[in-house]
Amino acid sequence: MVMNSKNKNEKKIKKNLEQYNLEKIDDIKFIRIKKNNGTDFIIKCPETFLNCKNKNFVIFGEAKLDVN
Numbered sequence: 001m002v003m004n005s006k007n008k009n010e011k012k013i014k015k016n017l018e019q020y021n022l023e024k025i026d027d028i029k030f031i032r033i034k035k036n037n038g039t040d041f042i043i044k045c046p047e048t049f050l051n052c053k054n055k056n057f058v059i060f061g062e063a064k065l066d067v068n
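For the sequence shown, position 56 (counting from the first letter as 1) is numbered 56 according to the UniProt record's numbering, and the numbering increases by one without interruption.
In short, the hints are calculated from the structure, not lab data.
Among the hints, erroneous ones may be present.
As the list claims (entries may be wrong) - Computed cross-link-like contacts, BS3-like style, restricted to lysine-lysine with a CA-CA straight-line distance of at most 27 Å:
| no. | residue 1 | residue 2 |
| --- | --- | --- |
| 1 | Lys11 | Lys55 |
| 2 | Lys14 | Lys64 |
| 3 | Lys29 | Lys8 |
| 4 | Lys34 | Lys55 |
| 5 | Lys8 | Lys24 |
| 6 | Lys11 | Lys44 |
| 7 | Lys12 | Lys44 |
| 8 | Lys24 | Lys53 |
| 9 | Lys24 | Lys12 |
| 10 | Lys64 | Lys34 |
| 11 | Lys53 | Lys29 |
| 12 | Lys55 | Lys14 |
| 13 | Lys64 | Lys11 |
| 14 | Lys8 | Lys44 |
| 15 | Lys64 | Lys35 |
| 16 | Lys64 | Lys8 |
| 17 | Lys29 | Lys64 |
| 18 | Lys53 | Lys11 |
| 19 | Lys53 | Lys14 |
| 20 | Lys35 | Lys24 |
| 21 | Lys55 | Lys12 |
| 22 | Lys24 | Lys11 |
| 23 | Lys24 | Lys64 |
| 24 | Lys24 | Lys55 |
| 25 | Lys12 | Lys53 |
| 26 | Lys44 | Lys55 |
| 27 | Lys44 | Lys14 |
| 28 | Lys29 | Lys55 |
| 29 | Lys55 | Lys35 |
| 30 | Lys29 | Lys44 |
| 31 | Lys11 | Lys29 |
| 32 | Lys15 | Lys55 |
| 33 | Lys29 | Lys14 |
| 34 | Lys15 | Lys53 |
| 35 | Lys44 | Lys64 |
| 36 | Lys12 | Lys29 |
| 37 | Lys34 | Lys53 |
| 38 | Lys12 | Lys64 |
Please model the complete structure; the sequences and the hints are all you need to start from.
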């Protein structure tokens, strides 16, 4: 079960991002962010938006350190 609680700042950011015509992507289950020093971060069930014009992504979710 995923908690869908959004704080005040997150709501403000999403409202401001509406002016950029972002398209919501629902098919993404998780995102892995790899850093140069070997550290990985995982975001499970991210809320992902895409700007089709210039292929930029905006990702909301809790990033956790991946320890493999």
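We went through each hint and held it up to the structure:
1. Lys11 to Lys55: Holds - the C-alpha atoms of Lys55 and Lys11 are around 23 Å apart, at most 27 Å.
2. Lys14 to Lys64: holds, 22 Å
3. Lys29 to Lys8: holds, 25 Å
4. Lys34 to Lys55: holds, 19 Å
5. Lys8 to Lys24: holds, 20 Å
6. Lys11 to Lys44: holds, 20 Å
7. Lys12 to Lys44: With a Cα-Cα distance of about 22 Å, the restraint between Lys12 and Lys44 holds, given a limit of 27 Å.
8. Lys24 to Lys53: Holds. Lys24 to Lys53 sits at ~14 Å (cutoff 27 Å).
9. Lys24 to Lys12: holds, 17 Å
10. Lys64 to Lys34: Distance ~12 Å between Lys64 and Lys34 Cα, so the pair holds.
11. Lys53 to Lys29: It holds: about 23 Å lies between the C-alpha atoms, which stays within 27 Å.
12. Lys55 to Lys14: Given pair Lys55, Lys14 holds - Cα atoms ~18 Å apart, limit 27 Å.
13. Lys64 to Lys11: Status holds; Cα separation ~22 Å.
14. Lys8 to Lys44: OK: Lys8 and Lys44 at ~21 Å, within 27 Å.
15. Lys64 to Lys35: Distance of about 13 Å is within 27 Å: holds.
16. Lys64 to Lys8: holds, 22 Å
17. Lys29 to Lys64: holds, 15 Å
18. Lys53 to Lys11: Holds, at roughly 24 Å.
19. Lys53 to Lys14: Distance ~18 Å between Lys53 and Lys14 Cα, so the pair holds.
20. Lys35 to Lys24: holds, 26 Å
21. Lys55 to Lys12: This hinted pair holds, its Cα atoms lying about 23 Å apart.
22. Lys24 to Lys11: holds, 15 Å
23. Lys24 to Lys64: holds, 22 Å
24. Lys24 to Lys55: holds, 13 Å
25. Lys12 to Lys53: This hinted pair holds, its Cα atoms lying about 23 Å apart.
26. Lys44 to Lys55: Within the cut-off at roughly 21 Å; holds.
27. Lys44 to Lys14: Holds. Lys44 to Lys14 sits at ~19 Å (cutoff 27 Å).
28. Lys29 to Lys55: Holds, because 19 Å separates the two Cα atoms, which is no more than 27 Å.
29. Lys55 to Lys35: holds, 21 Å
30. Lys29 to Lys44: holds, 6 Å
31. Lys11 to Lys29: Within the cut-off at roughly 22 Å; holds.
32. Lys15 to Lys55: holds, 20 Å
33. Lys29 to Lys14: Distance of about 20 Å is within 27 Å: holds.
34. Lys15 to Lys53: Holds, at about 19 Å.
35. Lys44 to Lys64: OK: Lys44 and Lys64 at ~9 Å, within 27 Å.
36. Lys12 to Lys29: holds, 25 Å
37. Lys34 to Lys53: holds, 25 Å
38. Lys12 to Lys64: holds, 23 Å
The structure meets every hint from the earlier list without exception.
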